[in-house]
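Participant: Listed below are the residues making up each chain.
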Amino acid sequence: MKTPNKPFSKDILHIENIEIVCNDIIKKLKTDVAKKLQRRGAVIGISGGIDSSVCLALSAKAFGPNKVTAIMLPEQDSSDDSRILAEKLAAKFDVTDTLVEDITQALNGFGCYQRRDEAIARVITDFNPTVDKAKIEIKQEAASNLPPAFSVTVIKPNGEVISKLLPVREYLQIVASTNFKQRSRMSMLYYHAERLHYAVIGTPNKHEVEQGFFVKHGDGAADVMPIGHLYKTQVYQIAKHLGVPQEIIDRTPTTDTYTAEQTQEDFFYQMPFKQMDLMWYGWENNYSAEEVSKVMNKTKEEIESIYKNFERKKKTTEYLRMRPIF
Amino acid sequence: MMNVDTDLKSKIKDYIIESTLDDVEKINDNTLIFEEGILDSMGLLFLIEFLKDEFNIETNDEELVVENFQSINSILNFVEQKI
Chain A
1 MKTPNKPFSK
11 DILHIENIEI
21 VCNDIIKKLK
31 TDVAKKLQRR
41 GAVIGISGGI
51 DSSVCLALSA
61 KAFGPNKVTA
71 IMLPEQDSSD
81 DSRILAEKLA
91 AKFDVTDTLV
101 EDITQALNGF
111 GCYQRRDEAI
121 ARVITDFNPT
131 VDKAKIEIKQ
141 EAASNLPPAF
151 SVTVIKPNGE
161 VISKLLPVRE
171 YLQIVASTNF
181 KQRSRMSMLY
191 YHAERLHYAV
201 IGTPNKHEVE
211 QGFFVKHGDG
221 AADVMPIGHL
231 YKTQVYQIAK
241 HLGVPQEIID
251 RTPTTDTYTA
261 EQTQEDFFYQ
271 MPFKQMDLMW
281 YGWENNYSAE
291 EVSKVMNKTK
301 EEIESIYKNF
311 ERKKKTTEYL
321 RMRPIF
Chain B
1 MMNVDTDLKS
11 KIKDYIIEST
21 LDDVEKINDN
31 TLIFEEGILD
41 SMGLLFLIEF
51 LKDEFNIETN
61 DEELVVENFQ
71 SINSILNFVE
81 QKI
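Chains A and B, in that order, give the protein sequences.
Reading the first sequence from the start, the letters are residues 1 to 326 in UniProt numbering.
Reading the second sequence from the start, the letters are residues 1 to 83 in UniProt numbering.
Since the hints were derived computationally from the structure, they do not count as laboratory data.
A portion of the hints provided could be inaccurate.
What the hints assert, rightly or not - So the derived list for chain A, only partly shown, Cβ under 10 Å to chain B, looks like this:
hint, residue
1, K164
2, V168
3, R169
On a predicted model such as this, the values are computed, not experimentally measured, just so you know.
Yeah, the Cβ is synthetic: ideal placement off N, Cα and C, and Gly gets one too.
Kindly generate the complete structure, drawing on both the sequences and the hints.
Facilitator: As structure tokens, this is what we get:
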């Protein structure tokens, strides 16, 4: 096991030579698309979130704004803010080939909403999808030694909140139904990429890739992932450097998947990004739980439990990153 | 009581072995089934479903703690408290 060569600190993930790092990413993106993939530009789905915004900015710099097609892919549950911010972003980086492809009808065709709502109603019987809002979330602490289990939460128009632990069949049906969203977006992105002979730029960051916070053959399907090696705090640092609009930087990352507001922290990560970045770095670079605990103001036992949680997440999501076996 | 215990325990153990396709020798009553990777997060959800179908036991959020699920013996204790 390799031992770390510098002391663990809160600044350990800060990118010192940001200009050089950005230029390297841009250069690699250009080479990957033009030489390895032999495509003449980039198609990218933009949501108004930080990851797709940074990918758009990098793509505009790598290929020139006139060789980037930015596509907004809203559906009936998307927040209106997402579209407004996505439009601002494209304008900021001079990307004029912007399209809005509303995928609601495609999702209706797949029965996405109906299948999801049926499963929710089996758990919370008075769920009314026309007026109630719903989301799924993890309620346990990340430091728990048990794997996480999801709960479904329904918010009534009068503010009443009903939350229940999701039985396995209903959990799987809800996830399988909502995954139509990411897979429909992927189909649309590839339609435009093939139409233009462009590459699809994937937007997952390091956490999404390694912890499996993506949909297999959905947002996990792309030709190149320029920020797949970057921690979330580094994505923010690059966003600031490249001039991504401040409203996008300040926005809490959401899944934009369920009708009720849902942060990525509630849905999946179980801790704030800043903490997660540092502890994930500590874990994958073999820093002892004791050394990390002192910097993070946590006990050694808490860090040990969090390390186990990371290990479990990486292992149980291996399936998502695997290619077909033959 | 002894027989009831043994019966419950063997049902739990049989379920875990059957659902994981693992070797019987690999799992004893105190094996840490999550820590050793025998069951994962989906395995926990299917286990909760099994407890409901087999023993009519509903598990709530607060009961999802390691003390109730870490081994066959802990699951047995949990089941006995709830029956």
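Participant: Evaluate each hint against the coordinates.
Facilitator: Consistency of the hints with the structure:
no. : hint : in the structure
1   : K164 : 8 Å, holds
2   : V168 : 4 Å, holds
3   : R169 : 7 Å, holds
Hint check: no violations occur; every hint is consistent with the structure.
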